[in-house]
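From first to last, the protein sequence lines are chains L, F and W.
Per the working numbering, the first sequence starts with residue 46, numbered consecutively.
Per the working numbering, the second sequence starts with residue 282, numbered consecutively.
Per the working numbering, the third sequence starts with residue 460, numbered consecutively.
Simulated from the structure, these hints should not be mistaken for laboratory data.
A few of these clues could be false.
Unchecked claim - Okay, derived cross-link-like pairs now, BS3-like style, lysine-lysine, Cα gap no bigger than 30 Å in a straight line:
#1 Lys308/F with Lys868/W
#2 Lys860/W with Lys377/F
#3 Lys313/F with Lys337/F
#4 Lys112/L with Lys57/L
#5 Lys874/W with Lys854/W
#6 Lys381/F with Lys854/W
#7 Lys337/F with Lys786/W
#8 Lys308/F with Lys648/W
#9 Lys308/F with Lys860/W
#10 Lys868/W with Lys337/F
#11 Lys389/F with Lys354/L
#12 Lys648/W with Lys337/F
#13 Lys669/W with Lys463/W
To be verified - Partial chain L-side listing against chain W, Cβ under 7 Å, derived:
#14 Glu263
#15 Ser265
#16 Phe312
#17 Asn353
#18 Lys354
#19 Val355
#20 Ala356
As the list claims (entries may be wrong) - If the Cβ cut is set under 7 Å, some of the chain F residues that face chain W in the computed set are:
#21 Leu289
#22 Phe297
#23 Leu339
#24 Trp343
#25 Lys345
#26 Ser373
#27 Phe375
#28 His379
#29 Gln380
#30 Arg384
#31 Lys385
#32 Leu408
#33 Leu409
#34 Gly410
Glycine included, C-beta positions come from ideal geometry on N, C-alpha and C.
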Amino acid sequence: MNINQIKELGQKIGDNISKVIVGKEDVIDKVLTALFCSGHVLLEDVPGMGKTVMAKCLSKSINCNFKRIQFTPDLLPSDLTGINYYNQKQEEFVFREGPIFTNIILADEINRATPRTQSSLLECMEEGQVTIDGTTKQLARPFFVIATQNPVEIQGTFPLPEAQLDRFFMRLSIGYPTVEEGRAILDRFQKQNPFPSITNVADVEDIIDAQDSISKIEISADLKNYIVEIVEMTRKHERIVLGISPRGSLALMRGAQAYAAINGRDFVTPDDVKYVAPAVLSHRIILRSHAITSGTENTERIIEDILNKVAVPIED
Amino acid sequence: MEVLALALIAFVIMAFQAYIFRNFSLKNVEYKCEFSINEAHEGDEIYLIETVYNGKILPVPWLKVELNTSRWLDFAETRSVLAQDNRYVTSSFFLKSHQKIIRKWKLKCIKRGIFHIDRICLVTGDLLGNTVDSIGVDVNANILVYPQTIELEKTFTPVNYLQGDIIVKRWIIEDPFIVSGIREYTASDPMNKIHWTSVARTGRLMVRREDYTSQHGLSVFLNIQSIENEYFESVYKYYIELGIKAAATIFDTALRSGIPARFATNGTTSDGNRQMIFTNEASGRSHIQSLLSILAKLELRRIKDFEDFLRDVYKDITNSEIILITSYLTEPICGLLRQMKIRNNRIRILITNTNIDSSILPTDIDAYMLKGEVLNG
Amino acid sequence: MGSKLWNIFKKEISLVAVFTFLYQLILLPRTVLFGVTGGVTGVFLGIVLIFAGYIIAGYITKKEQNFRSMLLSYLSAIAAAVIIAIIYWIIAPELKYGGTQFINMLNWKSVQSLKIVFEGLGAFILYFVGVRTRFLEHDLILSRNKLIFGAIIFISAIIFMQYYSSIEYLKRTVYTFVYVFIAISLLIKNQQNLDNAFIKKHIDLSTVPKNIRNYNSIIVMVLFALIIIIFNIKELVDFIVYIIGNIPRTIVLFMLKALELLSKLLPGGEGEGGSQGGSPDMSGLPEGEENAIVAIITKIIFGIILVAAGAFAIWKLPALFAAIGRKIKKLGNFIAELFKKLFLIQKDSLDKEIDYIDEVITIKPTSHSKEERESKKKIQRMGGRLWKNADYMEKIRFMYKLTVNYIIKSGIDIKRSDTTKEIYQKALEIDGLQESLGFATDIYNKIRYGGKVPDDAEYIKFEEKFSSTVDILKKK
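Just chain L, with the same shape it has in the complex (with noise of 0.2 Å):
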């Protein structure tokens, strides 16, 4: 797939999307750049910001499966991959598929199930595979995890581990919606709901296609140089106990190409990197062990104060 083609499934997937969401252009664009780079989201929002009707929407555009997990304190590992289980009438063990079957899985409230089941979803994420009673199964692609997570307020959760955050490609929250935003919510949603009314504007093989088609895109060894700098500022930084490892340095790369892609361009520019660095990196960083410092805010905050100070490669 070329530039301008990516270009095109993106603008259509987008704005397919948007007929649905109100503003959060920034937010299906990075959606978006995680899909095409193979990678997963974590959606850091309170309850009732449109999370699962972005999925939803998502899956439509590309005419693919969705699947909506909600989790909850006694969900079992078994209930997300699936189980072996004794059919009385065949009188043999059949498997039933789990949810993880699918191509888009909204897994909502991630940080209410116990830390098995969500090791159970963290690995197939990562493997891209599951393995019941010895037999592999491969899952489907493409492969796309929105997860959900309260945030840490919440009573009764289990959040997230750090380690296991650095799986997820991008961290995000879609936020409140601006007074004028609110109002056109109000304006769209008077009479119907829109979500019904869109279509696919795009296939699974697109996606795969625009997928394979990423690592294609040019990016300067000075820019290469400028995203190492800024991990290793993340390794010296006062406040940052654990900085960047190197999946998160190359995941950086990879989202500043799939943002590069969605844009129409064949090649990678600082403000790509500048852009979805704070997505990608501020999950993946540990600060000093005091809770109350560690909030996203806090950590995207620093990311930016570190761009803020890297010098850009431009002329002397």
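Place chains F and W on chain L using the hints.
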């Protein structure tokens, strides 16, 4: 005569430089002072950043900045003078034309509290000490230093093992892993509750029976008195400071786990107008932050005797996990704790004192003591 | 310098200042009485004596400074005087004297004896003062009273020379001492001022950083130089005029001589007179007129050169002073190292700034900045062969860099961490830039990060947009 001409020239030049520096030295000189962050913890190393800019051609050959802040912000070791609770630091600069200097002092937050640098004094003069000019500059730099967290399990040792040695436990609504048995399937049971092993064994649909547990909030009571009969400032400040650190650690854990928390003490904060503290029970970052702010600003003197304070409030709390942090115990206090226990509260006591009479320790309440010797009766 | 070393240095340099006016009390009487100044040897010997008193007193009181050791130090001045007297007694027959009234009055032996006593006394005074200095705090060595006393001595000495015309030739020497005295006084006063401004508790805890001391020392020396220049302005101008005046005169004479030679070599020439060769027939002109022509030409040329040279000198003065400052700093560091080695001074812990880190930024005003001038020079250089040989990518990159420089000069705050898009968005503050700068940014991104080579049309359009961008920015 020549020598008089020389003397006159020298005098004129010296007077001229005195005039120029007196009238123009501090013109277009900008000064700013701020902490690198607004909130930190005890023991954190941050920066105090001074920015001074000379926006004119005339250089400033010397500029003295007199900073006055708290002694508990440790910086400028070789240049500071300590007097009671104050730290006086002299920062010196020379500025060429159109030059900006950004100076970063490495600063360690030694103690919790809220610290300010409100106003500084800029002093300069001419080259030969004939004139000195000074102005005050409002900088309004503030920093809130939270108490340090500690490792509770390493600092305190359990005296009674009624509930185990983990001080802050998590309690959830239902625990599907605490299976107390199996029962027959009913129409209202979800499919994921089916216990397949027993189905295979019995040939009938069977489901797990799970234990019901109630959700608890967390209330931390801090006794600001270090001994029983203490009327003004705390005598053994170390015990109270340790208690504050313990409380901060508990709130930190509560935030991570999403447990709603409350704080109560018979002391007050530096801006509290002698009001004792009894917060509401809530969860969330902003609430926990406010509790930590209270701990940071807490003054070490009682407003009311702790026993009287506890008597006033013990009826207001039910179905909660209560942690009492104190450096001493009395029978009346233990009695009140038992009353609270009757109201379906789970009680734990953290004793921040190694020298305590073991006979006073209640046997029916979880107690944890600061690691060290326990004196018997 | 560390505070310890600095205090020692201040003491010693103050001692030099004291020596300058104290030596007048020996120099003038010596010249009046014996007709000899002592020359450089005398000055050198004087300095040695005063520092000998300082150093020896230090060694005597090194272990413990009590009444006994101090008394011993003072009494050693007698020993110094005696030693000097002995030396003069030994070399007495070799000494020569001037023909003064005093010498004429006495016999030879008496003169010699008096000379020995005089020098011994002089040595005693100098040595004694050196010892005394050892036990004083540095700010008392060159106190206000001493400064006034020194000034009185100098003024008295100069007045004395006015009226005692036979020693008027000493004026230059005395003025040299005056200059040294002024320079050191200004320096010490300035450093004391810094110490007083920054001192907290004790004099040894002065917290004035090295760079402030150095900078102030340089400014004070500049002030001193200004005093000397203004005081000697007439002589300086005369000197410059003399030098400059001679150059054009020499050039004109050389040209005339060359013309003369040329005319000799040409065949035919101006007629019979000319065929004989030799110098042009100036016999008609009286000699004075010949000189007058040269003089007029010389004056005109000299006038132009003087004005140009003066303007150039004034323009280059700051750079000159900066260069002098750097040399002085280097010299100062060298002397400090020497002192450290000589006096085995341990490295002071305050030598290095450990409490803070400074970032120094120069924010020049927008117009006539050095960077702009350098950029302009670069364009001019690029206008030559370099520009012709550079490819489109290099040219576009250079033009973009200039654009960013102009944006900065127009007052917009651009940071090193700003991307091209951020620079563009910040520059939109300036009206009219949207289209041209937007296009330039896109092309720059393409070639810089995409490695694309622009085609002719793109390059030409970029140049146009660059020009219009720069025109808009220059108007800001």
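Each hint, compared with the structure:
1. For the hint pairing Lys308/F with Lys868/W, the CA-to-CA distance comes to about 23 Å; that is within 30 Å, so the pair holds.
2. Proximity of Lys860/W to Lys377/F is assessed by CA-CA distance (about 28 Å); at most 30 Å being required, the pair is judged to hold.
3. Restraint check for Lys313/F and Lys337/F: the C-alpha separation of about 17 Å stays at or below 30 Å, so the hint holds.
4. With a CA separation close to 23 Å, the supplied pair Lys112/L and Lys57/L stays within the 30 Å bound.
5. Taken as a hint, the Lys874/W and Lys854/W pair is honoured in the structure, with Cα atoms around 23 Å apart against an allowance of 30 Å.
6. Restraint check for Lys381/F and Lys854/W: not satisfied, since their Cα atoms lie roughly 34 Å apart, outside the 30 Å limit.
7. Among the hinted pairs, Lys337/F with Lys786/W is consistent with the structure: their alpha-carbon atoms are about 26 Å apart, no more than 30 Å.
8. Straight-line distance between C-alpha atoms of Lys308/F and Lys648/W comes to about 25 Å, which keeps the hinted pair within the 30 Å bound.
9. Distance hint between Lys308/F and Lys860/W is unfulfilled; the C-alpha atoms sit about 34 Å from each other, more than 30 Å.
10. Restraint check: the Cα-Cα separation between Lys868/W and Lys337/F comes to about 17 Å, which is no more than 30 Å; the hinted pair holds.
11. Taken as a hint, the Lys389/F and Lys354/L pair is honoured in the structure, with Cα atoms around 23 Å apart against an allowance of 30 Å.
12. Annotation: proposed proximity of Lys648/W to Lys337/F holds, straight-line Cα distance about 26 Å (limit 30 Å).
13. For the suggested pair Lys669/W and Lys463/W, the alpha carbons sit about 12 Å apart, so the restraint of at most 30 Å is met.
14. With a least beta-carbon distance of about 6 Å to chain W, the hint placing Glu263/L at the interface is held under the 7 Å criterion.
15. With 7 Å as the threshold, the beta carbon of Ser265/L comes within range of chain W, its nearest partner Cβ sitting at about 5 Å, so the hint holds.
16. The beta carbon of Phe312/L is positioned within 7 Å of a beta carbon in chain W (closest approach about 3 Å), and the interface hint is therefore held.
17. A distance limit of 7 Å between C-beta atoms decides the matter here; for Asn353/L the minimum to chain W is near 5 Å, and the interface restraint holds.
18. Taking 7 Å as the C-beta contact cut-off toward chain W, the hint placing Lys354/L at the interface holds, the least distance being around 6 Å.
19. Given hint, Val355/L at the interface with chain W, holds; its Cβ is 6 Å from that chain's nearest Cβ, closer than 7 Å.
20. Of the supplied interface hints, the one on Ala356/L holds, with its beta-carbon coming within about 4 Å of a beta-carbon of chain W, less than 7 Å.
21. Of the supplied interface hints, the one on Leu289/F is violated, with its beta-carbon coming no nearer than about 9 Å to a beta-carbon of chain W, more than 7 Å.
22. For Phe297/F, the suggested interface contact is broken, since its CB lies about 10 Å from the closest CB of chain W, more than 7 Å.
23. Restraint check, Leu339/F versus chain W: the minimum CB separation of about 11 Å is more than 7 Å; hint violated.
24. About 6 Å separates the beta-carbon of Trp343/F from the nearest beta-carbon of chain W, less than 7 Å, and the hint is met.
25. Hint status for Lys345/F relative to chain W: holds, with the closest Cβ pair at about 6 Å, below 7 Å.
26. At about 6 Å, the closest approach between the beta carbon of Ser373/F and any beta carbon in chain W falls short of 7 Å, and the interface hint on this residue holds.
27. Given the 7 Å rule on beta carbons, the hint for Phe375/F holds: about 5 Å separates it from the nearest Cβ of chain W.
28. With a least beta-carbon distance of about 5 Å to chain W, the hint placing His379/F at the interface is held under the 7 Å criterion.
29. About 5 Å separates the beta-carbon of Gln380/F from the nearest beta-carbon of chain W, less than 7 Å, and the hint is met.
30. The closest approach between the C-beta of Arg384/F and any C-beta of chain W is roughly 5 Å, which is under the 7 Å cut-off, so the hint is satisfied.
31. A least Cβ separation of about 5 Å between Lys385/F and chain W falls short of the 7 Å threshold, and the interface hint therefore holds.
32. About 5 Å separates the beta-carbon of Leu408/F from the nearest beta-carbon of chain W, less than 7 Å, and the hint is met.
33. Because the smallest distance between the Cβ of Leu409/F and any Cβ of chain W comes to about 5 Å, under 7 Å, the interface hint for this residue holds.
34. About 3 Å separates the beta-carbon of Gly410/F from the nearest beta-carbon of chain W, less than 7 Å, and the hint is met.
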